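Engineer: Just so you know, the protein sequences line up as chains A and B, in that order.
Per the numbering used here: the first sequence = residues 1 to 183.
Per the numbering used here: the second sequence = residues 1 to 417.
Simulated from the structure, these hints should not be mistaken for laboratory data.
Heads up, a few of these hints could be off.
If we take Cβ atoms under 8 Å as the criterion, some of the chain A residues that face chain B in the derived model are [stated by the list, open to error]: (1) Phe125; (2) Lys129; (3) Val131; (4) Asn160; (5) Pro163; (6) Lys165; (7) Leu175; (8) Lys179; (9) Trp180; (10) His181; (11) Arg183.
These numbers come from a predicted model, not from an experiment.
Glycine included, C-beta positions come from ideal geometry on N, C-alpha and C.
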Amino acid sequence: MKQKDKFKETGNTRRTAKFRWLLASLCVWLLCAWVAQQPVPAKKAPAKAHTAAPVRRTTTTKKSVKAKAAAVVATETAPMDATALNAQGVVVDEATGLALGENMILVKGQCTVCHSSKLILQSHFDREKWVERIRWMQRTQKLWDLGETEKPILDYLVKNYGPIKTPFDGRRLPLETPKWHTR
Amino acid sequence: MKTNQSDASLFNRRGFLKTSSLATLTSLLGIPIAFADRLPKHYLPLVFRLDDPTNPMATKNKNMVVLNDKPWNVETPAYLLDDDVTPADKMFIRNNGQIPASIDLANWKLTINGESVKAPKTYTLAELKAKFKPYTYQLVVECGGNGRAGYFPKTAGNQWTEGGVSCAEWTGVRLKDILADVGITDTAVYIGYYGQDLHLSGDPNQPVISRGVPIAKALEDETLVAWAMNGQDIPLVHGYPLRLVIGGWPASVSGKWLHTIAIRNKVHDGAKMTGKSYRVPIHPVVPGVDPPDSDFKIIESMPVKSVITFPQTGLETPMGKPLALRGHAWAGDRVVKELYVSIDFGETWQKADLKTPKNRLAWQQWSAEVNFPIQGYYEVWARATDDKGVSQPMVMPQWNPEGYLNNACHRIAVKVV
Numbered sequence: 001m002k003q004k005d006k007f008k009e010t011g012n013t014r015r016t017a018k019f020r021w022l023l024a025s026l027c028v029w030l031l032c033a034w035v036a037q038q039p040v041p042a043k044k045a046p047a048k049a050h051t052a053a054p055v056r057r058t059t060t061t062k063k064s065v066k067a068k069a070a071a072v073v074a075t076e077t078a079p080m081d082a083t084a085l086n087a088q089g090v091v092v093d094e095a096t097g098l099a100l101g102e103n104m105i106l107v108k109g110q111c112t113v114c115h116s117s118k119l120i121l122q123s124h125f126d127r128e129k130w131v132e133r134i135r136w137m138q139r140t141q142k143l144w145d146l147g148e149t150e151k152p153i154l155d156y157l158v159k160n161y162g163p164i165k166t167p168f169d170g171r172r173l174p175l176e177t178p179k180w181h182t183r
Numbered sequence: 001m002k003t004n005q006s007d008a009s010l011f012n013r014r015g016f017l018k019t020s021s022l023a024t025l026t027s028l029l030g031i032p033i034a035f036a037d038r039l040p041k042h043y044l045p046l047v048f049r050l051d052d053p054t055n056p057m058a059t060k061n062k063n064m065v066v067l068n069d070k071p072w073n074v075e076t077p078a079y080l081l082d083d084d085v086t087p088a089d090k091m092f093i094r095n096n097g098q099i100p101a102s103i104d105l106a107n108w109k110l111t112i113n114g115e116s117v118k119a120p121k122t123y124t125l126a127e128l129k130a131k132f133k134p135y136t137y138q139l140v141v142e143c144g145g146n147g148r149a150g151y152f153p154k155t156a157g158n159q160w161t162e163g164g165v166s167c168a169e170w171t172g173v174r175l176k177d178i179l180a181d182v183g184i185t186d187t188a189v190y191i192g193y194y195g196q197d198l199h200l201s202g203d204p205n206q207p208v209i210s211r212g213v214p215i216a217k218a219l220e221d222e223t224l225v226a227w228a229m230n231g232q233d234i235p236l237v238h239g240y241p242l243r244l245v246i247g248g249w250p251a252s253v254s255g256k257w258l259h260t261i262a263i264r265n266k267v268h269d270g271a272k273m274t275g276k277s278y279r280v281p282i283h284p285v286v287p288g289v290d291p292p293d294s295d296f297k298i299i300e301s302m303p304v305k306s307v308i309t310f311p312q313t314g315l316e317t318p319m320g321k322p323l324a325l326r327g328h329a330w331a332g333d334r335v336v337k338e339l340y341v342s343i344d345f346g347e348t349w350q351k352a353d354l355k356t357p358k359n360r361l362a363w364q365q366w367s368a369e370v371n372f373p374i375q376g377y378y379e380v381w382a383r384a385t386d387d388k389g390v391s392q393p394m395v396m397p398q399w400n401p402e403g404y405l406n407n408a409c410h411r412i413a414v415k416v417v
């Protein structure tokens, strides 16, 4: 008698428990499926977690797990703007071709207002020369005072568009500047 | 020349500073020498070489360029090479090891031995001077790496510009006369010298450099076993009391502090004779490519070269006045036939007045006068052509992994104001 009751009770408990487990498993499965559907973030994208939802979703899945998913996905987020691979196989900003990196957005935002980014892409200057270009633009082309953004912009330009570091392929190095004298 | 007190007594038999020496040094310093237990064998700390007589800079022109001070490698800027005969204070210094700390002049000997002598023989300095007729020649002694600084990609080694060269007047006896006296067999192929210089590590058993030349070059009239330079004792740094002087070949064949010459029945294989030392690739290489040892050949005659010794680069000269130029030219075993200068980067060349050498293997003086069309920046380039029609290149010549033989034409900067 006791045993029968016990079995009956256990059976009921087991059935309910089974359903709970099934439901939980289904939820986890849905969660995993949703996560798997998310686009793979770009290789060089900064691994910053932010709460903004990533763009370019190809599918949306069950809404019930969306909130949880957003928190999980925050750790593998793509950058805000679209990226692409340039001819050299480097990942760059899709719209401008500018090298990804810290402060790229400052350059994109201010420098391409007037001229194409192609002007930057074809340049290979040291810092002194970049400063000279900026001053010339400010003097003659109505470029505004860059204020606090000038240093990070220069840092970016020198890092990504500095003098070419390929081996010297000429056949004679130039003469070194001498000490001028009159003897 | 005073002999120097040997500091050998400071070291024990195994080469380490004796405990008593260390105690003395420590008390002199006032503080312990940290890492004293790690001092290399035969090494005397620099601070105690206060009046180091092996410091060659004391008697050098103060504008010489020190490329290295251990070992000593010092270059002469082109404008200091202006003398027809290079004086001691403007002679470049090239060492692979340490200058000997002490010279036992009274007991100095020259031994001739090797597989291809009839019998080994030894001479004192007095015997050499008495037995053989002395000769005096002006001889070009140029470092094989002269010009190395102009190579790209950069190579290892002292970055000589154009001042690793000298032409002093050397007095001694002909090696051929000594060898005739000793007697050599017809198996003789090469000579190899041995000198008293000390290895950088201080180990007296470690050879520094021992090079040589084929027997034909050794037997030339101008190959000297010399004891005097410009009429005086050879300065210690340049090989006192006796050295080989073999003009027109890399200076490393002119062994200093000479005590032995071996007559070999094969190509000499002493220190710095093998591997890639003083060798260039047999087959020309793309710049930056370093082939295996077996692909290298020994440098023999140096190539044609010249230097502008006046004016010094950087001259500002007034418009309308002709500019006088002068310098020297040489071509290893050959003679320089023509010297040209250009003020327009090689578009046009003007022939210079070129003198004949004082004797075979001396350098040749040249002079020219140029006029500039308008104020501005110019370069004066000088280019020599030897008696086989071979000229200096205007660009970097055949690159080689050790950076030897850069004989590209010398360039100076001039501003016409």
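Engineer: State for each hint whether it applies.
Structural biologist: Verification of the hints:
1. Here the hint on Phe125(A) is broken, as its CB sits about 22 Å from the closest CB of chain B, past 8 Å.
2. Using the Cβ-Cβ criterion of 8 Å, the hint placing Lys129(A) at the interface with chain B is not satisfied: the shortest such distance is roughly 21 Å.
3. For the restraint placing Val131(A) at the interface with chain B, the shortest Cβ-Cβ distance is roughly 25 Å, beyond the 8 Å limit, so the hint is violated.
4. Nearest Cβ of chain B to the Cβ of Asn160(A): about 25 Å, over the 8 Å cut. The hint is violated.
5. Given the 8 Å rule on beta carbons, the hint for Pro163(A) is violated: about 16 Å separates it from the nearest Cβ of chain B.
6. A hinted interface residue such as Lys165(A) counts as satisfied when its beta carbon comes closer than 8 Å to some beta carbon of chain B; here the least separation is about 13 Å, so the hint is violated.
7. Given the 8 Å rule on beta carbons, the hint for Leu175(A) holds: about 5 Å separates it from the nearest Cβ of chain B.
8. The beta carbon of Lys179(A) comes within 5 Å of a beta carbon in chain B, closer than 8 Å, and the hint placing it at the interface holds.
9. Interface restraint check for Trp180(A): the shortest CB-CB distance to chain B comes to about 5 Å, inside 8 Å, so the restraint holds.
10. Against a cut-off of 8 Å between C-beta atoms, the interface hint on His181(A) holds, since the closest Cβ of chain B lies about 5 Å away.
11. Given hint, Arg183(A) at the interface with chain B, holds; its Cβ is 7 Å from that chain's nearest Cβ, closer than 8 Å.
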